[in-house]
Amino acid sequence: MSEVQELKQWFEREVTAVLNDLYGTALRLAKNPADAEDLVGDAVARAFGNLHTLNDRKAFRGWIFRILSNCFITECRKRRTRAETLINTDQEDGADGEFWLFDKLHQPFLLWWGNPEQEFLNNLLRDDLIKAVDGLPENFRIVLVLAEVEGFSYQEIADMLEVPVGTVRSRLSRARSLLQKALWQHASDRGINIEPTNELNRRDTL
Amino acid sequence: MSNTISNSHPSDKKTIDCEEALKRLFDYIDHELHGHRHEEMADHLSKCRSCYSRLEFEKRLQLHLKGATEQKAPEELQNKIKMLFRKL
Numbered sequence: 000m001s002e003v004q005e006l007k008q009w010f011e012r013e014v015t016a017v018l019n020d021l022y023g024t025a026l027r028l029a030k031n032p033a034d035a036e037d038l039v040g041d042a043v044a045r046a047f048g049n050l051h052t053l054n055d056r057k058a059f060r061g062w063i064f065r066i067l068s069n070c071f072i073t074e075c076r077k078r079r080t081r082a083e084t085l086i087n088t089d090q091e092d093g094a095d096g097e098f099w100l101f102d103k104l105h106q107p108f109l110l111w112w113g114n115p116e117q118e119f120l121n122n123l124l125r126d127d128l129i130k131a132v133d134g135l136p137e138n139f140r141i142v143l144v145l146a147e148v149e150g151f152s153y154q155e156i157a158d159m160l161e162v163p164v165g166t167v168r169s170r171l172s173r174a175r176s177l178l179q180k181a182l183w184q185h186a187s188d189r190g191i192n193i194e195p196t197n198e199l200n201r202r203d204t205l
Numbered sequence: 000m001s002n003t004i005s006n007s008h009p010s011d012k013k014t015i016d017c018e019e020a021l022k023r024l025f026d027y028i029d030h031e032l033h034g035h036r037h038e039e040m041a042d043h044l045s046k047c048r049s050c051y052s053r054l055e056f057e058k059r060l061q062l063h064l065k066g067a068t069e070q071k072a073p074e075e076l077q078n079k080i081k082m083l084f085r086k087l
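If you read the sequences in order, they're chains V and W.
First residue of the first sequence: 0, per numbering that gives the first Met the number 0; consecutive thereafter.
First residue of the second sequence: 0, per numbering that gives the first Met the number 0; consecutive thereafter.
Read the hints as simulated data drawn from the structure, not as lab findings.
Source: prediction; values computed, not measured.
A couple of the hints might just be wrong.
[Unchecked claim] Pairs of lysine-lysine residues, derived as PhoX-like cross-links and limited to a Cα-Cα distance of at most 20 Å, are as follows:
id	chain 1	residue 1	chain 2	residue 2
1	W	Lys-81	V	Lys-180
2	W	Lys-71	V	Lys-130
3	W	Lys-86	W	Lys-71
4	W	Lys-86	V	Lys-103
5	W	Lys-22	V	Lys-7
6	W	Lys-58	V	Lys-30
7	V	Lys-180	W	Lys-65
8	V	Lys-7	W	Lys-86
9	V	Lys-103	W	Lys-22
10	V	Lys-180	W	Lys-22
11	V	Lys-180	V	Lys-130
12	W	Lys-79	V	Lys-7
13	W	Lys-65	V	Lys-130
14	V	Lys-130	V	Lys-30
15	V	Lys-77	V	Lys-30
16	W	Lys-81	W	Lys-22
17	W	Lys-46	W	Lys-58
18	V	Lys-57	V	Lys-7
19	V	Lys-180	V	Lys-103
20	W	Lys-22	V	Lys-30
21	W	Lys-13	W	Lys-46
22	W	Lys-46	W	Lys-22
[As the list claims (entries may be wrong)] Pair ranges (Cβ atoms, derived):
id	chain 1	residue 1	chain 2	residue 2	range
23	W	Cys-17	V	Glu-5	51 to 61 Å
24	W	Tyr-51	V	Arg-56	38 to 48 Å
25	W	Phe-84	V	Gly-96	42 to 52 Å
26	V	Ala-44	W	His-30	13 to 23 Å
27	V	Leu-50	W	Gln-77	17 to 27 Å
28	V	Asp-158	W	Ser-45	30 to 40 Å
29	W	Asn-78	V	Asp-102	29 to 39 Å
30	V	Leu-50	W	Ser-52	24 to 34 Å
Here a beta-carbon is modelled for each residue, glycine too, at the ideal position from N, C-alpha and C.
Only chain W is shown next, with the shape it has when bound in the complex (with noise of 0.2 Å):
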């Protein structure tokens, strides 16, 4: 999603650090990273096997995290919510 947002000319790009790269690695997976700074985090990754190790963990994590919440509304409430459109 993000890297289709880029207004940065070619120059702006820089080689980042694993240091920098750890800065900016849950704005990445967030989607929060944009232009250069995405651009400079996924060369990155595409060349250091522990940061991209590490990304794919967190995402992994992210989504048992997503799994583990995921719930259906009981029926209960789905009932209380039709009475209260009834009531609307």
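Here chain V stands alone, though its shape is the one from the complex (with noise of 0.2 Å):
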């Protein structure tokens, strides 16, 4: 066998390891299945095209991720008349505070639940997550999707998007923050919690 072949081997398997993550990725950020297997097919066929880039065989999982994510933060680019565009430096700031589902869980009206915590994830629905991480400005969601789900380290990521590790640190403390001020919401609107007020409500009128 050639070299030229066997390469092309060595890449057809590797892909083929990844396709199911590199879609999954792909889908939380392009947040609709045709543009995310676009994104994956402009990935695949970009990363053969720069195959001579990798040094190290052993770091092609993060360095197609890191293809992936270049070809999604391109497309986004090309699409600044969305109404979703790349987030201002304010709101990497986190103005507006930091939300933990954990506070929320644990307020004294709620400590006589037998486990708030395992109630609260017992009710979390599938839809629900997505919907979170949908809903997160886009340079969030990239960060938190690369940490969370795909397991990358903060130096990995901060490779892969060329920011210092810094502001994956906090773009990925703003995303959780977000993320679960969402869950909070969509638990709520589905009637799973408790409201401070309502409850004392109850209790008052007992």
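Dock chain one against chain two, each of which comes alone in its own frame, and use the hints as you go.
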């Protein structure tokens, strides 16, 4: 077998091994199956065209996710006219404060529940999670998916997105806070949570 | 993973409070804490029920998120990629 044939076969094997992950990430970035498929197709074609830039074959996974991320960012820039644009620095600073579900679930009025965290997680729907992720601004969504879903390190994500590690950390923290706020909102909309005022009112009426 | 990386001197280790533990929580979950900062966090978590509960909740939420976003590449995409391979 020639060296070129061997390289092609190796590339095929590697792409096949990460195809589900690439598609899962692309779907959360693009938010619809057709665009996600285009994104993956584009990334795979670009990856093969740039295979000479991959110095270490063991780094293939991070390298192809970097290409996928770049394809997505390039596509976003092309579509700047869309309502959702890349976030500004004010949002990155987290001006409107952090939101953590754990704190909400541990307000004193809820303590007579057996295990509020478990209760909340048991009632969490896949759709709630998907909606919450899809509702994040692009710069936060991409960092969250790469870290929480794909398990890349902050340094790997920083390299992929060509931003400092500190930026990855702050965007991830902000993304988590926004995600948890959205989950609380979705749960509240479906009547899972008992807001403090409602619960106190209910007790008052007993 | 991160608890195997430790070049710190034992005297570097100090006791941290819940406020500091909260600041380090996600770095700990993401295996981004090393050395004495990791040890201090692990030590706090071993003694503080509240912070440990918070850690467990965040880890379980992360698992839910991971499960919800897992996807199998559609057959159409798999075929498209196979076609692409043939053209290479």
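How the hints compare with the structure:
1. A threshold of 20 Å between alpha carbons decides the hint, and for Lys-81 of chain W with Lys-180 of chain V the separation of about 41 Å lies outside it, so the pair is violated.
2. Under the criterion of a C-alpha separation no larger than 20 Å, the hint pairing Lys-71 of chain W with Lys-130 of chain V is consistent with the structure, at around 19 Å.
3. Of the pairs offered as hints, the one joining Lys-86 of chain W and Lys-71 of chain W is violated, with about 24 Å between alpha carbons and a cut-off of 20 Å exceeded.
4. At roughly 54 Å between alpha-carbon atoms, Lys-86 of chain W and Lys-103 of chain V are farther apart than 20 Å, so this suggested pair is violated.
5. Between Lys-22 of chain W and Lys-7 of chain V the CA atoms are separated by roughly 46 Å; this puts the pair beyond 20 Å, and the hint is violated.
6. At most 20 Å may separate the alpha-carbon atoms for a hinted pair to count; Lys-58 of chain W and Lys-30 of chain V exceed this at roughly 25 Å.
7. About 18 Å separates the Cα atoms of Lys-180 of chain V and Lys-65 of chain W, which keeps this hinted pair within 20 Å; it holds.
8. Restraint check for Lys-7 of chain V and Lys-86 of chain W: the C-alpha separation of about 11 Å stays at or below 20 Å, so the hint holds.
9. For a cut-off of 20 Å, the pair hint linking Lys-103 of chain V to Lys-22 of chain W stands: about 18 Å separates their Cα positions.
10. Pair hint Lys-180 of chain V plus Lys-22 of chain W holds up; C-alpha atoms about 18 Å apart against a cutoff of 20 Å.
11. A hinted pair counts as satisfied when its Cα atoms are at most 20 Å apart, and Lys-180 of chain V with Lys-130 of chain V qualifies at roughly 12 Å.
12. For the hint linking Lys-79 of chain W to Lys-7 of chain V, the alpha-carbon distance of about 16 Å falls within 20 Å, and the restraint holds.
13. Restraint check for Lys-65 of chain W and Lys-130 of chain V: the C-alpha separation of about 14 Å stays at or below 20 Å, so the hint holds.
14. With a C-alpha separation of about 10 Å, the suggested pairing of Lys-130 of chain V with Lys-30 of chain V holds against the 20 Å cut-off.
15. This hinted pair checks out: Lys-77 of chain V and Lys-30 of chain V have alpha carbons roughly 16 Å apart, not beyond 20 Å.
16. For the hint linking Lys-81 of chain W to Lys-22 of chain W, the alpha-carbon distance of about 46 Å lies beyond 20 Å, and the restraint is violated.
17. Simply put, Lys-46 of chain W and Lys-58 of chain W have alpha-carbon atoms about 18 Å apart, close enough for the 20 Å limit, and the pair holds.
18. A hinted pair counts as satisfied when its Cα atoms are at most 20 Å apart, and Lys-57 of chain V with Lys-7 of chain V qualifies at roughly 16 Å.
19. Note on Lys-180 of chain V and Lys-103 of chain V: the hinted pairing holds, with a Cα-Cα distance of about 10 Å set against a maximum of 20 Å.
20. The suggested pairing of Lys-22 of chain W with Lys-30 of chain V is violated, with an alpha-carbon distance near 31 Å, which exceeds 20 Å.
21. Distance hint between Lys-13 of chain W and Lys-46 of chain W is fulfilled; the C-alpha atoms sit about 14 Å from each other, no more than 20 Å.
22. A hinted pair counts as satisfied when its Cα atoms are at most 20 Å apart, and Lys-46 of chain W with Lys-22 of chain W qualifies at roughly 17 Å.
23. Judged by the Cβ atoms, the range 51 to 61 Å given for Cys-17 of chain W and Glu-5 of chain V holds: they are separated by roughly 56 Å.
24. At about 40 Å, the CB distance of Tyr-51 of chain W to Arg-56 of chain V agrees with the hint of 38 to 48 Å.
25. At roughly 49 Å, the beta carbons of Phe-84 of chain W and Gly-96 of chain V sit within the given window of 42 to 52 Å.
26. Between Ala-44 of chain V and His-30 of chain W the beta carbons are some 33 Å apart, a value that contradicts the proposed interval 13 to 23 Å.
27. The beta-carbon spacing between Leu-50 of chain V and Gln-77 of chain W, approximately 21 Å, falls within the hinted interval of 17 to 27 Å.
28. For the pair Asp-158 of chain V and Ser-45 of chain W, the beta carbons lie near 34 Å from each other, so the given range of 30 to 40 Å is met.
29. Between Asn-78 of chain W and Asp-102 of chain V the beta carbons are some 48 Å apart, a value that contradicts the proposed interval 29 to 39 Å.
30. The supplied range of 24 to 34 Å is broken by Leu-50 of chain V and Ser-52 of chain W, whose beta-carbon atoms lie about 47 Å from each other.
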